[in-house]
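Novice: Hints given; two lone chains; assemble the complex.
Listed below, chain by chain, are the residues.
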Amino acid sequence: MNDTNPNVSEPTISRRTVLKTAAAGVATASLGPLVAACGGGSSQTTTSSGPFSWQKYKGTTLSLLLNKHPYADAMIADINSFKQLTGMNIKYDIYPEDVYFEKVTAALSSRSSSYDAFMTGAYQTWVYGPAGWIVDLKDYMNDANKTDPSWNVKDIFSGLMSSDSWNGSPGQALGSNGAHQWALPWGFEQYALSYNKRIFDQHKLSVPKNLPELVDVATYVTKNVPGVYGVAVRGSRSWATIHPGYLSAFTSYGAKDFGSGLKSTVNSTEAVEMTNQWVKMVKQGGPQNWTQYTWYDCGSDLGAGKAAMMYDADILGYFNAQGTKEAGNIASTPFTANPNATSPASNVWIWSLAMSNFSNNKDAAWYFMQWATSQKHLQYGAVQQSQVDPVRQSVASSSEFQNKVNTKGPANFLSTFQATQPNARIYFTPQPLFFQVATNWSASLQTLYSGSNSMGQTQDVLGKLASDIDSQTSNAGIR
Amino acid sequence: MSSTQTVVNKSAPVTEPEQPEQRKWTRSALPYLLVLPALLLTIWILYPFVQAIVYSVQNYVLSNPFGIHFVGLKNYWNLVSDADFWHTLWVTILYTVLSTGVELLLGLALAYLLQKQTRVNNVLTTLMMLPLMVAPILASLMWKLMTNPSFGLANYVLSAVGLHNFPWGSSPSTALFTVVMVDVWIYTPFMAILLLAGLRSLPQAPFEAAQIDNVSPWFTFQRLTLPLLMPYITTAVLFRLLQALQTFDIIFAMTGGGPGNTLLNVNVQAYNQAFIFLNLGVSSALLLILWIISYTISQRMVSYWSKGKIAAQ
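Protein chains in written order, with our numbering: chain A, 280 to 758; chain P, 42 to 354.
For reference, chain P alone in the conformation it holds in the complex (with noise of 0.2 angstroms):
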């Protein structure tokens, strides 16, 4: 045998050559320094929510502090035993159901219509995103000033087509088209922005066959491009859904719940509950209410998400 040859005991086991301790500690703490940002973002959002739950089930209101104290459910209780909740979820969901639907419809057809990629569609793409670009409390209060029936801008434009002294915000048979006439405003091109990017990357394949076989557009857009944008249409109407659960601005600066309680949602309630009332423990308990149905809805509609990517596939 040579001295450069090497005997290889197999039943010895292999160790590794002795490293720096410094090392060591570096490679063993390494996974857990690379999570840490989102680990602290996840307490960072947990907190105040596991907060929200501590203080929904106590008697927590502010202006007396010796008095807080545990409750159980009777926050919860209250509420659902109140019949102004009922109609204030309700309120909330009718907000939600009228501006989202509008908002979609509105934004498919504008989608639909600056499709292609002309110098006119894509400066009207500009022009459509600027209600985005003002914050909604502004455009809440620039919308109050124009629907003011003395001074304002729409009953003067109104009463030139013969409709004089329309009520706006401030009759209940009006307010809730009132806001969401101004939700619309703002939001329609969040969803038109939406749908037009998911119309840009549909395949365009399928719209040649329909195309060559001369099939009517009405049956194009009804078999092809609604089934093919569903993703993006789901998506949209989650994020408006969610966003509309949860309106303060465009409520609490056109009419803060009024007229009476006619546009009270959850999270107006909930303001008023926490700032002017102090009642910390009834505000948590509207907010965790709400943010059930939220959760609820969304994992619905990602699991009705999922369905669809994976039949697509």
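Chain A on its own, in the form it takes in the complex (with noise of 0.2 angstroms):
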């Protein structure tokens, strides 16, 4: 009934008719991805059936993680023989490297499905592979049904294949027995002297060889130079600063960042001497604002000329070789950092690629990841694009390869590369508070800098390092 004509009723809906309504609209809406996720989307099975096929997975679209670097851009320029091979579709998101990491983080940590595949180092692996967040991909490499029978894994380098393998108990060696796949290298850095072979030339100096060598020329330059400085190496607060140069002649003194038990030795003797000598070389012959240096000032630097030399990755050396003000006077030089040593002892940084673990396209994704790691792409990337250093002996020995850098690389980097590459691997101790270690690890760097430099305070900032490093790793439980 209604107020006007009390014999008319108007169609109303009860309160309770709305309520039932809208609750069944929820649940329905609830239950949709549950069936998308049961029923649909693209989820591959890992059981393997039938010969393998690069078509298999014809179709598919792969989505991809990147960071904005020659090997991305190598990759993409390439891309359409991959879709022609296997007729799969490829999306990529790029970032910058100061932003990357953190869009990896976010995006493994939320169990996003977003990404199939992305760009990693091996320091990463050693977060991600114990949260469980990307795959072991022992399982693929040794499945025959997945694996094209010409990828031959023992092509890559068996250092760099180690470097990117690790079975997750804190201070056990990389590629020790048990250890899981985490990732496929992609190309790799190591660590040399790169030098201004112009101003050499002009000042009559000789290459340095070991740390102290480089200390001396490195304060000459700076103070006889007019606008150059002697040597550009990394300073910024970043774990990134450890990793490249610093690391590097910290292992050919013999010293490590752990010892038995996982006990920090980064105030041992030697570390402390080598320290003290780094510290006095950046002081005394490198950049005036060495705190916030990256690894893009420092070759950018070089290849400005205002840096006579580099102690960073070789490739920064290649990349700067041409198309800058100094194109054609760089050079590049083994460099063995104690005078008592033999043999560089050079750590690595390889660009990885890892496979989520939240992906609905794993068997696809790993098609992608041997397409990437391929001898045949690895040799394009190498000769037609800019990725050095390959990770595959059949590219680095192959003729097009070497004559390539020889005639577009700095001076002597092919001789350089395979002086170096024998004791090339990495010299960290595995650990997950990694980036822990080595940011505060920098830290400690800039607070020498800024001081006195004498021994007793490099003993007493290293010390009280190694004391918060065995707080850290004691209070995570991990040691």
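For the record, the hints were derived by calculation from the structure and aren't laboratory data.
Since this is a predicted model, take the numbers as computed values, not measurements.
Incorrect hints may have been included.
What the hints assert, rightly or not - Dumping the calculated BS3-like pairs for lysine-lysine here, alpha-carbon to alpha-carbon at most 30 angstroms:
no.	chain 1	residue 1	chain 2	residue 2
1	A	Lys562	A	Lys585
2	P	Lys348	A	Lys382
3	A	Lys655	A	Lys337
4	P	Lys157	A	Lys559
Specialist: Okay, here's the thing in structure tokens:
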């Protein structure tokens, strides 16, 4: 009944009906994703069936997360060959390195299936692997139905494969028994001395062979060559400051980051001696605002002729040997920091490809990873693009690659690469607090740089660092 | 009695005419519906806050999802018993006091000079606002380039007046000065514009009376302008204090908290803990300590402002 005509009933919906209908709607909506997850999508099973075929996942679209880097540029330039080979499509997001790893961490920690594969470094896998965020690739590598017979993992430098594999026990060596293969090496850098031949020839300087000589030459250049300083090395408050030249020299002096029982040894006698020399080198012969220096600053200073030398990635010298003000004047030499050592002991940074454990296209992602690390693509990347240093022995020893680096790279780049490579591997002790340790380590170097750099101060600062590291590892329950 | 007269029975209860059920339901639900947006906003703000409190009492490391467990106040205890934390807190407070203090003085001076509404002053006021329109992170990167010793404009200008090789952000002795300078460049217009609005809204009668009495400008400023302007000063200082306590972008862009730990304030440290070390428990504890400090300061200042307002009335 309504107000005006008691004999007419208006169609009314009761509150109870409204609530019932709304509840039914919400329940249906929330079942939707569940139904999609169960029945739909493109989730892959891991049961292998049938011989290997590149066309097996034709029509699948893969999503990649990439860092802004020449290796990514090389892959993108060759992406059509992957699409033709497999019939798959590729989508990718590229981020600058400053924010890249935060993006990767956000994607993995939220268990997002947005990305199937991504670029990573080996150190990151020490966190991602034990957390269960990335896939152990050994299952794929050992499955003949999923791996191209010509892929040939043995062609990849064994030191690099080992460096990307770890069994997850803090302190246990990389590549040891039971190690999981968390990522595949894709391109790497080792640490050597790049220098400006023009400046050296003009001032009749000898190329330094060890750290004390480097200190002397760098100091001389800073004092006597107008507008030029001695040696560019990284110095920002970041883990990235420790792993290139500093850790390579640290290792050359016989120092280690951890001893037995995961006790920190960053304040050992050898470590103090080397660090004291390093800080002296930076104070007397390094860039003025060293505490803000990243690898970009080091490379651009070398290319611009502002730095006479650079102790950093060999590939950074390679990238700055062309198209810069000092193009044609850059040379490389292997560097053995310890005067008593006989060969270089270079740490490495390996850009690698890893597979997200939350991907809905794992098998298809493995096909992409095989292709990206195949001899054919890496040969293309090294020769046609700038994907150096190559992770495959066949690429590194190919005449096309060697001709290219001899003509386009710094002088002696190839001989430097060959002399450094045999002992080039990761010299850090794998443990999940790597980034905390290395970041605090870089802060300690900055503190020493701002101080008197006496041996006593170096001992004190590194002693405090070792004590802090021991507290952190103890609190985290890994020591 | 006529048929039109109505007999009112005073003992019978007066009942309202029967309303349709739908209208009754609407009337009773209306207050809740009107409050709903504010309620949703409150939940939206409170939920992450409560989540942060929960994280802060857990051993919550993102890369160890199976090891998350309740630890009580252990994260807080570890922080307060670490000397580095107190240094971080000291850096935060020092940065806040220095930047806010300088901005207040400069902002007040600018507002005082621009208070007369002339064409020139209006143009200058607009130009003064320009730094506020630049995102702080972009301004910081711009200043980082300008203070680069190799090619930066700042050292070129300083060398012209005989000051060579000024280290700016790369030395502990000048790093704090550098970031405070950037903060002052960005936020002094904010302070100035608030104080300018206050100056232009002050009652004119006391100033006219002072003029008639031939009172000196300094006396006028000290005894009339400042007291009358105090509520605006309090508001502006409160805003800036709370912002400066939470500074992240300027310090992170300029030096990342270095050299060493020189500029490592609470927010940068919390960022490192969360995004580099993946330790959400410690990061949340740091941020909650910062919240307690911010809340205490804002409560005190609002109370002071309220008392001042009552006294003025």
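Novice: Please go over all the hints and tell whether each is borne out by the structure.
Specialist: Cross-check of the supplied hints:
{"no.": "1", "hint": "Lys562/A with Lys585/A", "in the structure": "16 angstroms, holds"}
{"no.": "2", "hint": "Lys348/P with Lys382/A", "in the structure": "48 angstroms, violated"}
{"no.": "3", "hint": "Lys655/A with Lys337/A", "in the structure": "20 angstroms, holds"}
{"no.": "4", "hint": "Lys157/P with Lys559/A", "in the structure": "58 angstroms, violated"}
Hint compliance for this structure: hints 2 and 4 are broken, all remaining hints hold.
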